[in-house]
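Which chain is which? The protein sequence lines are A and B, in order. Quick note: the first sequence uses my numbering, first residue 964, plus one each step. Quick note: the second sequence uses my numbering, first residue 289, plus one each step.
Treat the hints with care, as some may be off.
[Unchecked claim] To give an idea of the interface, some chain A residues facing chain B are shown, with a C-beta separation under 8 angstroms as derived from the structure: (1) PHE979; (2) MET1044; (3) GLU1073; (4) ALA1086; (5) MET1089; (6) VAL1093; (7) MET1094; (8) LEU1116; (9) ILE1201.
Don't read these hints as lab results, they were simulated from the structure. Predicted, not measured: the structure shown is a model, and the values here were computed from it. A virtual CB, placed ideally from N, CA and C, is assigned to each residue, including glycine.
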Amino acid sequence: MRKLTWFNTVSLTLGFAFLYIPIVILVIYSFNKSKLVTVWGGFSPKWYGELLQNQAFLDAAKVTLQVGVVSSTLATVLGTMAAFVIVRGGRFYGRTLFSGMIYAPLVMPEVITGLSLLLLFIAIGMDRGVMTIVLAHATFSMCYVSVVVSSRLVSFDQSLEEAAQDLGCTPWDAFKSVTLPIIAPAVFSGWLLAFTLSLDDLVIASFTSGPASTTLPIKIFSSVRLGVSPEINALSTIMIALVTVGVVTASIVSKRAIAQQKRDEQMAEQ
Amino acid sequence: MNVSRKFLIGVPYVWLLILFLIPFLIVFKIALSDYAVSIPPYAPTLDLANGWQGILDLLSGLDFENFAFLLDDDLYWKAYLSSVQIAATATLLTLLVGFPIAYGMVNAPDEWRPSLMMLVILPFWTSFLIRVYAWIGILSNEGLLNSFLLWLGVISEPLIILNTNIAVYIGIVYTYLPFMILPIYASLEKLDASLLEAAQDLGCTRIGAFWAVTVHLAKPGIIAGCFLVFIPALGEVVIPSLLGGSRTLMIGKVLWEEFFSNRDWTVASAVAIILLLILVIPIVLFQRNEQKQREAGQ
């Protein structure tokens, strides 16, 4: 049987310590009273207060959320469409080019994606701002969404949809009442992935943003270049807390949904 | 072809043509243009007002001068070589750190596994920038690692780690570790302990059995993990900018600086094209490996 040897225990302990100690230190030092990041000056939440007073950060956070919500929603619609084209599109003129364009952005270095989009926006004379970041983010995240959704579509039994149509549904009704509920978890995780990618992106946003549309990562990057600051620690802690709560909730919800689906399938078989 | 199918294919197709393929062709075109003190800072530009003559004028103005410039200037050579060397070393280090963790996860009790999995994936959802930033406070001269080692008495003077290549290695290993652990874990999950016993019964030593069975089974995962780390590490910008020093040469950073500091778009575009040509090799190898796995799985 499988069992943990001492070597396994040691490597798991050290491995997870390596993964989590830097984050834990960051969180602890966000409550440091001292301005010096390496000296512990006592517990204080004052940097959180300062952060909330800092208009530049608040503005950047607002831009980031706007870009995140709009671009990930666009990416989800486009990516789901692309997934259907790839899995069920059949043959059409330029199919190879299409799948190439879906997979290439996944391995394209961010600097190149950013540079090329910026040059496009300049060539067509489009002012850089929130809109251009949204277009850029939607483009690269739609590829991630389409990978997530198409992996679900491949395992989806198409006869269910045909059965609904035989029973009198229009294709659109069949899609709405059969296909969509089944692929919904994948579409949702695609959206979540696109949203996090957008919140996280520094490089592409730096190329495509204008002077009035600084996102949070751009703001963090420019202040971090000057060294460690307790305000950034506080900001990081808030972001880490939000992500942790979000991911843990999402995993519990999806686990329940899978359990429910299994129960339903068993019921249907009986 | 009915209307809805045309719509379904057309919308994402046109979107990608405009926002992926055309921008890419523009980079290629600008890489062949010449630097000019104008807005935009390159020449020639396309002048459609002149019709065909405009397009011909454009084509006759393009040349490979920027690429010749890159070949001449050894800064770029060194940057490409050192990117490959840094990315390869960091990939190897990630494998050395990641393999024991994946192996430990496989041997862990079944009821732990979902939680361990979650612990590996969670950092991936956390901001990349923040995870890189976290190391600045740890590795700097007055940072926590140095304070700790000085306090222990292991060293008498602070180690200089931040702003060196060592810090870049640490940063890459740390941020890309999940990409290495997950594929190795996935391929080891099928590991059957009785195979190890059988190998030992047949006269293998424990280490021999480990090599013949475990490492062999993990091979597809190891190969996939290495590519998943190497490919993005090669074009990395954030890690060398924040953790590396002025002497850390990585091509992503060079491109970034060429664009934002020097404002020479033509050279930046040429640097981008060559970076892509270098990346084609590992990407094609990766695709082949995946293809082989899929065929073997069927």
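PHE979 of chain A as an interface hint toward chain B, with CB separation required under 8 angstroms | Holds: closest Cβ of chain B sits about 6 angstroms from PHE979 of chain A, inside 8 angstroms.
Is the shortest C-beta separation between MET1094 of chain A and chain B less than 8 angstroms?
-> This hint is violated: MET1094 of chain A lies away from chain B, its Cβ roughly 12 angstroms from the closest one there, beyond 8 angstroms.
Verify the interface restraint on ILE1201 of chain A: the C-beta must sit less than 8 angstroms from at least one C-beta of chain B.
-> Violated. Min distance 10 angstroms.
At a threshold of 8 angstroms, is the proposed contact between GLU1073 of chain A and chain B supported by beta-carbon distances?
-> holds (7 angstroms)
Using Cβ atoms only, decide whether MET1089 of chain A comes closer than 8 angstroms to chain B, and label the hint accordingly.
-> Check failed: Cβ of MET1089 of chain A comes no nearer than 11 angstroms to chain B, outside 8 angstroms.
Was the hint right that VAL1093 of chain A lines chain B, CB cutoff 8 angstroms?
-> violated (16 angstroms)
Interface hint compliance - LEU1116 of chain A to chain B, C-beta minimum distance less than 8 angstroms = violated (13 angstroms)
Tell me if ALA1086 of chain A is really an interface residue toward chain B, meaning its C-beta lies closer than 8 angstroms to one of theirs.
-> holds (6 angstroms)
Status of the hint placing MET1044 of chain A at chain B (closest C-beta pair under 8 angstroms) | At about 5 angstroms, which falls below the 8 angstroms cut-off, the nearest Cβ of chain B leaves the hint on MET1044 of chain A intact, so it holds.
Hint violations for this structure: numbers 5, 6, 7, 8 and 9, all remaining hints satisfied.
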